[in-house]
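Novice: What follows is the residue order along each chain.
2 protein chains.
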Amino acid sequence: LEAEDDATVRELVAPLHYADIADLIETLGSEDRARFVRAVKSVFNAEILPELDDAVRAEVIEELGFEDFAACLREVESDDAVYLAGQIEDEDERATVLAKLPAELRAVIEQALALPEFSAGRLMQRELVAVPSYWTVGETIDYLRSGARLPDEFYQIFIVDPRHRPVGNVRLSALLRARRPVRLREIMDPKTAEIPITMDQEEVAFLFRQQNLLSAPVVDASGRLVGRVTVDDVVDVIDEEAEDDMFRLAGLSEGDLFSAVVDTVKSRFTWLLLNLGTAVLASLVIGLFESTLEAVVALAVLMPIVASMGGNAGTQTLTIAVRALATKELTAANATRIVGKEVAIGLINGLVFAVLTGAVSWVWFGNPAIGVVIGAAMIINMVAAGLAGIAIPLVLDRLKVDPAVSSGVFLTTVTDVVGFFAFLGLAAVFIL
Amino acid sequence: LEAEDDATVRELVAPLHYADIADLIETLGSEDRARFVRAVKSVFNAEILPELDDAVRAEVIEELGFEDFAACLREVESDDAVYLAGQIEDEDERATVLAKLPAELRAVIEQALALPEFSAGRLMQRELVAVPSYWTVGETIDYLRSGARLPDEFYQIFIVDPRHRPVGNVRLSALLRARRPVRLREIMDPKTAEIPITMDQEEVAFLFRQQNLLSAPVVDASGRLVGRVTVDDVVDVIDEEAEDDMFRLAGLSEGDLFSAVVDTVKSRFTWLLLNLGTAVLASLVIGLFESTLEAVVALAVLMPIVASMGGNAGTQTLTIAVRALATKELTAANATRIVGKEVAIGLINGLVFAVLTGAVSWVWFGNPAIGVVIGAAMIINMVAAGLAGIAIPLVLDRLKVDPAVSSGVFLTTVTDVVGFFAFLGLAAVFIL
Chain A
1 LEAEDDATVR ELVAPLHYAD IADLIETLGS EDRARFVRAV KSVFNAEILP
51 ELDDAVRAEV IEELGFEDFA ACLREVESDD AVYLAGQIED EDERATVLAK
101 LPAELRAVIE QALALPEFSA GRLMQRELVA VPSYWTVGET IDYLRSGARL
151 PDEFYQIFIV DPRHRPVGNV RLSALLRARR PVRLREIMDP KTAEIPITMD
201 QEEVAFLFRQ QNLLSAPVVD ASGRLVGRVT VDDVVDVIDE EAEDDMFRLA
251 GLSEGDLFSA VVDTVKSRFT WLLLNLGTAV LASLVIGLFE STLEAVVALA
301 VLMPIVASMG GNAGTQTLTI AVRALATKEL TAANATRIVG KEVAIGLING
351 LVFAVLTGAV SWVWFGNPAI GVVIGAAMII NMVAAGLAGI AIPLVLDRLK
401 VDPAVSSGVF LTTVTDVVGF FAFLGLAAVF IL
Chain B
433 LEAEDDATVR ELVAPLHYAD IADLIETLGS EDRARFVRAV KSVFNAEILP
483 ELDDAVRAEV IEELGFEDFA ACLREVESDD AVYLAGQIED EDERATVLAK
533 LPAELRAVIE QALALPEFSA GRLMQRELVA VPSYWTVGET IDYLRSGARL
583 PDEFYQIFIV DPRHRPVGNV RLSALLRARR PVRLREIMDP KTAEIPITMD
633 QEEVAFLFRQ QNLLSAPVVD ASGRLVGRVT VDDVVDVIDE EAEDDMFRLA
683 GLSEGDLFSA VVDTVKSRFT WLLLNLGTAV LASLVIGLFE STLEAVVALA
733 VLMPIVASMG GNAGTQTLTI AVRALATKEL TAANATRIVG KEVAIGLING
783 LVFAVLTGAV SWVWFGNPAI GVVIGAAMII NMVAAGLAGI AIPLVLDRLK
833 VDPAVSSGVF LTTVTDVVGF FAFLGLAAVF IL
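Note that the protein sequences, when read in sequence, are chains A and B.
Start counting the first sequence at 1; every next residue gets the next number (the working numbering).
Start counting the second sequence at 433; every next residue gets the next number (the working numbering).
If you are wondering where the hints come from, they were derived from the structure by calculation, not from laboratory data.
Mixed in with the good hints there might be a few duds.
As the list claims (entries may be wrong) - Computed Cβ-Cβ distance ranges for the label pairs, DEER-style:
1) A:V131 / B:V827: 50 to 60 Å
2) A:G138 / B:A539: 16 to 26 Å
3) B:V827 / A:A344: 57 to 67 Å
Said to hold, decoys possible - Here are the simulated lysine-lysine pairs, DSSO-like style, with alpha carbons at most 27 Å apart:
4) A:K328 / A:K191
5) A:K191 / B:K473
6) B:K760 / A:K266
Claimed, not checked - Facing chain A, a subset of chain B residues (Cβ under 8 Å, in silico):
7) E458
8) S685
9) L689
10) A732
11) I863
The C-beta atom is built at its ideal place from N, Cα and C for all residues, glycine as well.
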């Protein structure tokens with residue numbers, strides 16, 4: 001199908017939802033993707049762009065060219081336009097695109113891009129409905145019907161004071177149920193969560209999730225209402241937040257499914273290099289006991305078991321801790337209790353697995369001393385794993401370092417070093 | 433503060449948002465928690481319950497007792513009542529609570545609980561606004577104002593045909609902007625995504641995220657409108673979905689931060705036991721080469737490096753694959769291409785780290801043969817890791833097994849076995 005016939009492609013694509021077209025573009029290979037974009041260029045739906053994976057979008061934008069891309073920016077809502085323009089990393093290219101936009105939209109985009117990335121200001125839409133609290137329901141509905149410049153879709157009406165500061169909000173369902181002469185101040189909810197324009201998007205997501213918000217007002221430094229954040233944008237942030245932690249724990253900077261091979265190799269390299277460092281450190285520890293190993297080669301056979309069990313038990317604790325820090329369930333208030341709990345779990349699991357591996361090793365090598373040594377090392381390493389698994393992310397978080405990014409390397413270092421040292425060290429003392 | 437003075441506690445808690453009180457309850461220790469619930473029992477806000485972690489909620493419900501818990505179920509919305517009632521696992525206890533409810537609510541809950549867990553039917557609210565398409569905007573607003581039994585909050589008006597099947601929906605913002613004589617069919621969006629009552633909640637979340645929905649109609653087997661799913665419930669599902677995958681990759685059945693030590697030990701035990709199996713398997717492979725190790729003890733020192741690097745590289749690929757399967761970015765259509773890409777990445781990384789580790793090992797032990805052997809083993813294991821990291825989740829997914837739960841064990845088995853076998857095997861052939 002993709003071979004030649006552009007008209008057929010356009011016909012096939014026409015009835016699809018823009019999100020489905022985005023998914024379709026993502027599944028295509030690079031060449032097919034370019035050919036597809038060329039085919040549908042004339043009928044390209046701007047809404048497709050925000051839905052695409054970063055690497056794929058960059059290819060599509062390149063294929064569209066500056067002119068068509070600028071046209072797309074004009075079509076989408078202001079928050080999406082800001083997001084898309086922010087994706088162009090080359091300053092000159094971005095200037096070229098912005099120059100093709102109407103002055104007003106250009107100013108909005110430039111202002112927003114001046115704000116820190118991942119802030120509420122980047123996420124917000126400027127289009128909103130704000131009215132004073134002394135208006136009646138009737139006046140408000142007439143205003144909405146007047147076709148004044150309003151957003152395409154809105155979920156709430158923001159109530160502002162004379163200085164344009166938000167004082168409350170009225171849900172549309174409440175507005176529709178009230179009679180025309182009722183004043184807005186009577187039906188408004190005065191407890192509006194305000195979002196400072198510089199608030200980090202993860203904080204915004206936390207607030208939305210915690211309070212089940214649909215949209216919330218964004219205010220500038222002087223408290224004036226300048227925009228609104230809506231739940232559909234927050235859904236994307238929430239989704240990315242857990243995903244990011246998951247990726248970082250595995251040493252990935254971001255989802256790279258659609259990136260080119262070279263970019264992927266580069267992005268994964270650093271983590272692997274760090275792990276090589278850890279592995280070499282573990283080898284150095286083993287090297288201390290070369291003579292012990294020479295004497296009892298069974299130790300070399302068994303030694304990965306202790307390190308591997310510690311690593312796995314530690315990763316369980318670490319994953320819980322990283323996620324709990326992200327969702328603010330783990331705080332200074334309960335940290336001590338959770339640390340105690342994880343150490344207790346490490347001790348119990350250590351005892352259970354000490355008996356198991358000790359028995360297996362005894363039978364395997366017919367030497368009870370080896371069984372006792374591996375059991376004791378298992379207990380030590382499981383307790384160390386539990387302690388490190390919870391303490392490392394807590395300390396990193398206190399030092400304002402993202403625990404998801406770096407905890408894993410530290411943890412493996414601890415469980416490898418403690419595991420090999422305890423096992424081989426105990427063996428050197430008690431078996432030789 | 434918590435010592436005695438219940439009145440003060442109530443006073444301090446009174447101005448807080450229910451979500452904040454829920455967070456507060458979570459951070460308390462078990463004893464303080466019980467004391468806190470007893471203190472605020474008389475003024476307990478039912479909205480707190482859905483916000484709590486499962487283990488914490490069970491404690492709070494126990495402390496509240498059947499009578500007060502039943503009162504809470506009457507206060508919350510029907511979807512929350514279904515969810516809360518579903519959390520009581522003991523059938524008799526649940527029957528006792530349900531018996532205290534009005535017949536209508538009891539019927540709703542019992543019907544919903546008969547549906548599979550994690551289905552749209554469990555997630556939906558029964559309260560909704562549904563009107564025929566021939567109504568005008570004016571009639572609709574008058575109906576809403578009439579105070580007919582309507583949900584507390586609604587985001588859309590569902591348009592139904594005479595057999596109560598959904599044919600479209602009208603956004604409240606569109607309703608508010610239209611003039612009174614306009615018929616709903618003129619402003620309705622006919623492309624409504626319908627959700628079958630048995631649809632899995634992850635599918636529901638995918639649909640909401642893909643199409644940026646606020647609420648969607650739920651239909652029964654005959655296509656009749658029976659409820660609606662709203663975005664605030666879906667936000668929780670989306671949040672849990674990525675979190676679940678993250679936890680499962682680490683061998684956790686669920687977040688157990690607030691569980692008792694014994695429960696946590698039990699839930700983590702199975703995974704650790706599986707990993708012990710893998711570790712023993714790796715040891716058996718090493719055992720094959722005891723004589724080689726006895727001859728060249730340097731091999732024992734270096735051998736964890738190859739296995740560990742393969743494990744880490746494989747985990748990177750695995751994490752990407754598991755997440756991409758969950759978000760439907762990795763499909764049959766692009767699987768072959770992605771497998772090829774991951775193998776290529778494994779090969780490139782393998783070459784780079786082969787040179788690095790080879791050089792380090794040569795210098796360390798002054799033996800070029802060891803350097804060559806470890807380098808060759810590194811390339812073999814990195815390619816195997818890339819291939820296994822993508823192929824294992826793909827195969828499990830094809831077999832309808834959740835790849836997040838079980839991929840990790842298989843992957844470690846592959847990278848350990850291949851790593852040790854390649855390194856020691858090559859050494860046995862070329863160094864001895």
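Novice: Hints first: check each against the structure and report whether it holds.
Specialist: Structure-based check of all given hints:
Taken as a hint, the range 50 to 60 Å holds for the pair V131 of chain A and V827 of chain B, whose Cβ atoms sit roughly 58 Å apart. Evaluation of the 16 to 26 Å hint for G138 of chain A and A539 of chain B yields a failure: the beta carbon distance comes to about 40 Å. A beta carbon spacing of about 38 Å between V827 of chain B and A344 of chain A contradicts the range 57 to 67 Å that was offered as a hint. Of the supplied pair hints, the one linking K328 of chain A and K191 of chain A holds, its CA atoms being roughly 23 Å apart against a limit of 27 Å.
Under the criterion of a C-alpha separation no larger than 27 Å, the hint pairing K191 of chain A with K473 of chain B is consistent with the structure, at around 24 Å. Of the pairs offered as hints, the one joining K760 of chain B and K266 of chain A holds, with about 25 Å between alpha carbons and a cut-off of 27 Å not exceeded. With a cut of 8 Å, the hint placing E458 of chain B at the interface with chain A holds, because the nearest CB-to-CB distance is about 6 Å. Hint on S685 of chain B is violated. Least Cβ distance to chain A is approximately 10 Å, over the 8 Å limit.
The beta carbon of L689 of chain B is positioned within 8 Å of a beta carbon in chain A (closest approach about 5 Å), and the interface hint is therefore held. Interface restraint check: A732 of chain B against chain A, minimum CB-CB distance 4 Å, threshold 8 Å, status holds. A cut of 8 Å between beta carbons decides the hint on I863 of chain B: the least distance to chain A is about 16 Å, and the hint is violated.
The structure fails to meet hints 2, 3, 8 and 11 from the earlier list, while all remaining hints are met.
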